[in-house]
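**Student:** Protein chains in written order, with numbering that gives the first Met the number 0: chain A, 0 to 345; chain B, 0 to 512.
No lab work stands behind these hints: they were computed from the structure. Built from N, CA and C at the ideal position, the CB exists for glycine as well. Hints should not be assumed to be uniformly reliable.
[Said to hold, decoys possible] Now the stretches of chain A that chain B is said to cover, found in silico as 3 or more residues with beta-carbon under 8 Å: (1) 209–217; (2) 220–231.
[Stated by the list, open to error] Some chain B residues close to chain A (C-beta under 10 Å, calculated; not the full set): (3) Glu306; (4) Phe309; (5) Val331; (6) Ala334; (7) Val335; (8) Arg336; (9) Ser348; (10) Thr367.
As a plain string of letters, each chain reads:
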Amino acid sequence: MTTTQTAAPPANEKPAETRSWWRDDASEPLRRNLALFAVLILLIIIGIATRPDLYSDSTWVRNNIFTILELASVIGVVTVGMTFVIIGGGIDLSVGAIVALAGVWSTTLATQSYGAGGMIFCALAVGIGVGVVNGILIAYGRLVAFIATLAILVAARGLAAQISGKQTQVSTNTFINDIAANDLLGIPLLVYILAAVVAAGWVLLNRTTFGRRTVAVGGNVEAARLAGINVKRHTLLLYALSGLCCGIAAIMLTSQATSAQAAMANLYELDAIAAAIIGGTLLSGGRGTIIGSLLGVIVFATITNLFAINNLSTEVQNMVKGGIIVAAVLVQQFRYKSLSQLFNRA
Amino acid sequence: MTSPEVNDAAVVLKLEDVVKTFPGVRALDGVQLEVRAGEVHCLLGQNGAGKSTLIKVLSGVHRPDEGRIEWLGGEFKPANPQSAMKAGIATIYQELDLVDDLSVAENAFLGHEPRRFGFVRRGYMSRHTRKILTRLGHGEIPPGRMVRSLPAAGKQVVSMARALSHDAKLIIMDEPSAVLAHDEVGNLFRIIRDLTSNGIAVIYISHRLEEIREIGDRVTVLKDGRTTAANLPARTTPTRDLVSRMTGRTIEYVFPEQSTQDRGEELLRVDGLGRTGEFADISLTVHSGEIVGIAGLVGSGRSELLETIFGARRPESGTVTVAGKALRPGSVGAAVRAGLGMAPEERKSQALLLGEPIYRNVTLATFTGYARGGFTNAGKEIAEASRIADALELRPRDVRKPVRTLSGGNQQKVVVGRWLLGDTKLLLLDEPTRGVDVGARAELYQVIRDLAARGVGVLLVSSEVPEVLGLADRVLVMREGRVVREAPAGELDEDTVLDLVMAGSLQAEEVTL
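Chain A with its partners taken away, still in its complex shape (with noise of 0.2 Å):
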């Protein structure tokens, strides 16, 4: 684009060109994954340094990944979705209480009567249902979504009480239940799962007018409503989209446990959130990556892992948990700050 033709080129125009990829808006992004990487790398140094006598065989190694990734694969589902309903503008609060609804509706006596088909078929349909009622709630009924989906989340897990009569409803269909049991080239099923909904987020983002919406509306609503944006079927879809998800993670967790129960999916919400948050998706809308927030749920997948194999209590684990969300949103919002700062004396 650079044109000799013009006359004298303003001279703040300079270092635009000549700075380096780490001070370019572009590759923003791309530094937060990075830090998350480094994160990654830090907590799987911990590990060698705490077990390493577990670290020095091979074969622990890989099983360990694929088990870190497993610990990942259902939150990590959740969590597309809430990404979307984040960069959205939006929250959804109901993800575990839906992914509960649609793990108790679809296990019930009647509709496991009609094969595996039709319980993935209802934990579908219910979790793209309640997420419909979310949207509707919000985008017409102009409830806030902080409170909509919140009402959401006391209502479904209330009715996936009654339905299982609090009851833990064992899965008896052998489908569904090899989900989580089976590997494909040594890779765990839930794993390519979590892997074509990753991917399938990734495309529907950043390759898709959905995607671009998405961003629209997040960012600046009303500029999105005054380009003709249809800001109110956006925002309806991207909480069923959000349902829809919790819908494809109910039959995972269902099939890990070959049972469902109200309880399940007991604060997944808070779960995806931190994990979409500190891969630097903006809790006002308008930013975030799908990569980053994978990248998310794996480093907290990792730290539950290095408790279990230090044989370590969750509950230290929780408040190590929180400090990361805590420090990894202190660094995201200085590391760039004192970067160009820092450059700029030098």
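Put chain B on the given structure of chain A with help from the hints.
**Tutor:** Just chain B now, with coordinates in the frame of chain A:
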């Protein structure tokens, strides 16, 4: 007020070779400035010349990379805005930084509330605020009133009260008249004169040369982050000199020549449109290739009218017809499909995704059209946006840069350019040149004229009467939600329109303040 005292008065603020760089931009590149006690020092420059950065350096938001700032004889290095305030430099920003849900007194003393035993001395605060307000000539504003309920002029007074509550010796005003109606500007000047007569220095920033002539003592001109002229006499320096120092070329405040072509068929017909409390019984037409201007003050219902025609507000009565077909009321989507486009009044909050690249902002209304099977076509979008960028002489040309980095005039080009991509038949422009510098203004005028020459109808709203008269073929004057006059632009002059626009606004002012 170029008086001998000012010339002899002590220099309170002196900047030498101040430099401030941001990643990729040298925002200040050697600024010199000298302000004396009791003078109104005007700062002139195009958008992007570095005025805003300079203000932020003086108010402690940014720290300069190089250079020296002297304040009252000592070196001035504020760590943050609070310490600048404490040192006696107060800033009144264009977007007033008041807390809407606090009272007038709480805003005036925000951050330095008078305290005793850890409790705020509310009575003292209230009394003191009243004293300051009276000094500002606005004793009628109750200190206990919520700031939200005040009109823009009232809020500005509160901002000034805050500056005085700090005992400021220098007040920086960033385009203070931009939020004011015509007759409120006189009051602002009265306050400024009162301040300077007490030895307080004022740095006054405005795009309006006539204001600088009226209130200013000396002028410093900035261009591309550098001081190009310092301490010119505000009243006697010829306009041509000022403009040429701002732009580096001599340009007049000219409008492109009016086209003589006959107007085409009727594009837009508005019949009896009304919304309670905003406007009533509005009927108008816009023909293909015609520019229709609406003159009116802020609050005359003009912006609301435009938004209603565009479907962003739902009319309570009346109809909008585009090219013979009735438009579905209250649907922006339907309006865009019918060939309408709008550049709204507030660029940043209503039109732009500031963090997104230029091209995505240009294609915001059309990207679906380039997409295939739901997949966006970034290559095509960048090509189309670059075409628009070339046609509008956008700076910078690289459309992958975020819109945030553009100056106001260039951001406005992005918003207008958005509607040049689709097959827009009718363009609604709300204050298209607000906050746009002289050079970019002339370019925008040319763009609007070119559009009309291509058969696009334009409905233009502006509070600057010369702009409406210079640009439009036909003019509608709005006052208090009604059209009070409609005539070809040639039959009206500035005084007549101003008279029509302002009549009755004096009574209205008493009610609101």
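**Student:** So, for every hint listed, does it hold in this structure?
**Tutor:** Outcome of the hint check:
Closer than 8 Å: that is the beta-carbon criterion, and the region 209–217 of chain A has 5 residues meeting it against chain B, so the requirement of 3 holds. Note: the region 220–231 of chain A has 9 residues with beta-carbon separation from chain B under 8 Å; the three-residue rule is met and the coverage holds. The interface hint given for Glu306(B) holds, since its Cβ lies 8 Å from the closest Cβ of chain A, which is under the 10 Å cut-off. Annotation: Phe309(B) was flagged as interfacial toward chain A, and the flag holds, the nearest CB pair being 7 Å apart, inside 10 Å.
Given the 10 Å rule on beta carbons, the hint for Val331(B) holds: about 5 Å separates it from the nearest Cβ of chain A. The restraint placing Ala334(B) at the interface with chain A holds, with a minimum CB-CB distance near 7 Å, inside the 10 Å limit. A cut of 10 Å between beta carbons decides the hint on Val335(B): the least distance to chain A is about 3 Å, and the hint holds. Interface restraint check for Arg336(B): the shortest CB-CB distance to chain A comes to about 8 Å, inside 10 Å, so the restraint holds.
About 6 Å separates the beta-carbon of Ser348(B) from the nearest beta-carbon of chain A, less than 10 Å, and the hint is met. A cut of 10 Å between beta carbons decides the hint on Thr367(B): the least distance to chain A is about 5 Å, and the hint holds.
In terms of the numbered hints stated before, the structure departs from none.
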